[in-house]
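Enquirer: Listed here are the chains, written in short residue letters.
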Amino acid sequence: MWEQIRANQIRSVILVVAMGALLILIGYFIGVALLDSAIAGLIITLVIWLVMSLIAFFRGDSIFLALSRARKIKRDDHPRLYNIVEEMKIASGLEKMPDIYIIDDPALNAFATGRSPERASVAVTSGLLQKLNRDELQGVIAHEIAHVKNRDVLLMSMCGVLLGTIVILAFFATRMLFFGAIFGGRRSSSAGGGQAQLIILAIGIAFMILAPIFAYLIYFAISRKREYLADATSALYTRYPEGLASALEKLGGSKAELKSANKATAPMYIINPFRKKGRAAADLTSTHPPISERVRILRSMAGGAAFADYENAYRQVHKGGKGVISPAAVASVGAVGLRAAEPEAAPREPEPSKVERTREVSDLMWKLNDYKTINCACGTKLKVPPKFKSGQVKCPHCGRIHSV
Amino acid sequence: MPIVGWIIIGVVVVLVIILFATYNSLVRLRNQAKNAWAQIDVQLKRRHDLIPNLVETVRGYMKHERETLEAVTNARNMAQKAVGGGVGAQSKAEGELSGALSKLLAVVENYPDLKANQNFLALQEELTSTENKISFSRQFYNDSVLKYNNKTQMFPSNVVAGMTGFKASEFFEVEVAAEREAPKVSFS
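Chains as they are written, first to last, in the working numbering: chain A, 11 to 414; chain X, 1460 to 1647.
One chain only, chain X, in its complex shape (with noise of 0.2 Å):
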């Protein structure tokens, strides 16, 4: 008898083990994806931070392109207003931000002046940076919620995702098509 009751004992500590280990890793990778999505968001503020610098290195260079200039700072004002105003208006902007960046960064090219500008070629590699980064932080959530959600669907941590509520997440998909087009920074 008391074999058999430590093998009870035995089982049931194995188990709740196994239980503890699966949480865990379900919290471990819950948070990964919350980490990649908040990753987005830095580098949209970036962005948007790098934008006046550009616009105010540029405006010397290119007195006819007043337009195209105004186009991009309205785009950046309204991009960083729809900051916190849900995902759907919040890409919307950023679309149209990318899309009069792209047609200011297509301007430059007639100027060969700025081309060689020490102080615009590093803001354009920050740009681009900001664009790689953006993407990249995309790819790692989209990685992210993939695992976790295998995690949670799967059998058997499934049973403990059911038993301590932990749900499917969604992917990030691009919905603007803008958005989905980053702007080019090339000029060569």
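Bound-form chain A, shown alone (with noise of 0.2 Å):
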């Protein structure tokens, strides 16, 4: 398994290992403060540890991808998407076809799940099938299925795991020393060495506190290095980082916001769900890098689609400094040329009709004035006012009674 986690390998393995570090040193630190031993601690905490492991391991994806509403196409629901998703299977060779499927918003994204290449499902959001063009529906497939083929999927849900292990184990260790310490616990009770206990609970707490925010940083940093990685590897699969780079631009000036994505799903997105306006370039707390630096390295990759151009291209970038992808990587693979842009063949899928779009605008206005809507079974869509107070309402087509 590792031996496919190729480029990176190292720094992720050190982070890997600093994240569990920090799980053992909680453990530790209940076991001391809570129950008088250290060794139990750690044992509820390898407990813990190990069921949710074993959760996301077998029934991962597919919670991810009930979480997301994502629903399962076949070829003949969108040929393109099953082709170019088809196409990437054999550049990149995966030896299973992976599920596709479609997750019903406008807004722009799109991800990977699936603990091993065998099994494997992408996908995207109608949106994304609306807005961009051939190529680069292929860029945003290959980084994809990068993310499968690097292994990152099964990478970033055990530090998922990690992280929320750490998280959910200092929430409680916080809580029970506070309360403890306020309300005299059997330890407090007892009167010698009641200062040094008080600095052991000191130290404790604050360790508690800080332990989930070393944890968030972590994964952030593993999940940044991934993408960089995933970016290079789908210039590597398609020839054409063009291609990538252009999508991502849209994707970056794109508004919507995803509705099914949350806190612990957004790493696995290509572009994070949440990004604000405004954040500082390389900042600490998110999932992604700069989507403007993404693209400028990509758009730099002068020479060739191979890892040591992407490579350069980061050099380039950054102005000089460390790279991204691993020496060994960069060898694994031969110098590399570009391919043309793909003529853009069958038009894009037709954007939604006048109509639609003035009743979506409608209904976001309505929305945003409290306004309640209520779908009647006869199609009609009943706007309810805030000030409304009666708890029914009448459907003023079929009279069907609503309550509200």
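Treat the hints as calculated values from the structure; they're not laboratory data.
Think of the CB as a built atom: it goes at the ideal place given N, C-alpha and C, for glycine as much as any other residue.
Among the hints, erroneous ones may be present.
Derived, one-sided and incomplete: chain A residues facing chain X with beta-carbon distance under 10 Å [unchecked claim]: (1) Asn93; (2) Ala101; (3) Lys141; (4) Arg144; (5) Ala216.
Hints given; two lone chains; assemble the complex.
Expert: Structure, rendered in structure tokens:
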């Protein structure tokens, strides 16, 4: 398995080990402070971690797909998307065709999931299918397949479980320590050594508060590294960095937020679903590198599409400094040329008609003014004003009674 | 004495494990390259299958392009006959087919009705994708061959490769100029 996470291998491993060490320290502190036995604390920690890992490993992808409200599609539902995924399957040498999902949402985003290349899924939003041309869509899919091929999905869910365990344990431990201290638990009732105990308690609480923050920072650092690598791999697969670059630009320019994303699932998407304008470039608390920077790197890949070209482009954008791809990975890929732009084959997905768009805007306006909408079975949308007092409302078209 | 004996046994065991691992990775890489090669064939065949449909769809709209259509059909039949007739003959026939196809698709430009036909658009997407798949298979084949050749030529795996008869493979270069230019499936 580790052989597959070739590039960035060592740095990613060090960060994962650091998170594991944090978890063990937390377990130790809980044991010492709450249970009078370091071993007991460690055992509880490991059991919680193990249970969460098993769930994430065996059910993680289905939970994730269900959370994002993705629906599985077949070849005939969207031949172009299917074809592009198949093209990238061939380019990456995946053995099995990944399952394809569409999320009905106007936001522009995509993600990949599945613990191994044999059990992988790719999901894209319907907004993405409408707004991107073939080359751009290919770049995005290549980025997602790269996550599968580089085993990022497994790596990130392992890290996610570590992070989750740390956060949960720290949350409960700080509260128990705190209330234990206030209401006088069994330890503070003993007269001797009160001061030493207080100091230990203080250190413990401080550590419990800091540990989740450190864990988050490590998690974000790993996530950002893997994003760069997936961008580089996407360029390598498509031989056409411009496709992904211009797709990222469109994704960054879109304002629509993905409704079904949440903080836990954010690192899985191609761009951060919660990005805000005007954040610092090298923000430590972001799951993804800034889009503008990713685009600049991809556009600076002048000579070719190999890892070495991405590495050079990265150095150029960052004015020297350490690169993002391990030398071993760079060496594993020979010189690779670029290809020409794809002539735009078929027209884009038909855009929503004018009527639909007007309706969408007006719905938005109602919502902004705190109106409640009720979908009646006859197809009518009832808009209930915020001042409406009565508990029931009658549909003006078919006469059905709805409760508010 | 027994200690030295154990050390020798240990070293031999480790060597044998390394030998097996190297052998297996050579086999894996060779199979990967073989699969990629098979994939190219699959996609070329798919292109042959698509063409009669394309000609059928286009025929109704193009009353005055009988020659172009016939050229495509003939080239396709020739290419199908050339399957299994050696790499040289095959790539020549496929190249001619590409040429005839791009001529046909250039003419489509003059028929706006055709460009609005859903059936035609679907076929066009299939053709584009097939061309892409051919070039991605070729790309992956060459990547696999590069890795395989490195393994057969670099120390220490070259020793194992030499003992067990693994030879370097050839890259798949495009020989016919027409084949290099996949038909431009673009009319907009």
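Enquirer: Taking the hints in turn, state whether each one holds.
Expert: Evaluation of the provided hints:
1. Asn93: Result: holds, 4 Å to nearest chain X Cβ.
2. Ala101: 4 Å, holds
3. Lys141: Because about 17 Å separates A:Lys141 from the closest Cβ in chain X, which is outside the 10 Å limit, the hint is violated.
4. Arg144: The hint holds - A:Arg144 has a Cβ within 10 Å of chain X, the shortest such distance being about 7 Å.
5. Ala216: 49 Å, violated
The structure does not agree with the numbered hints 3 and 5 stated previously, though it agrees with the rest.
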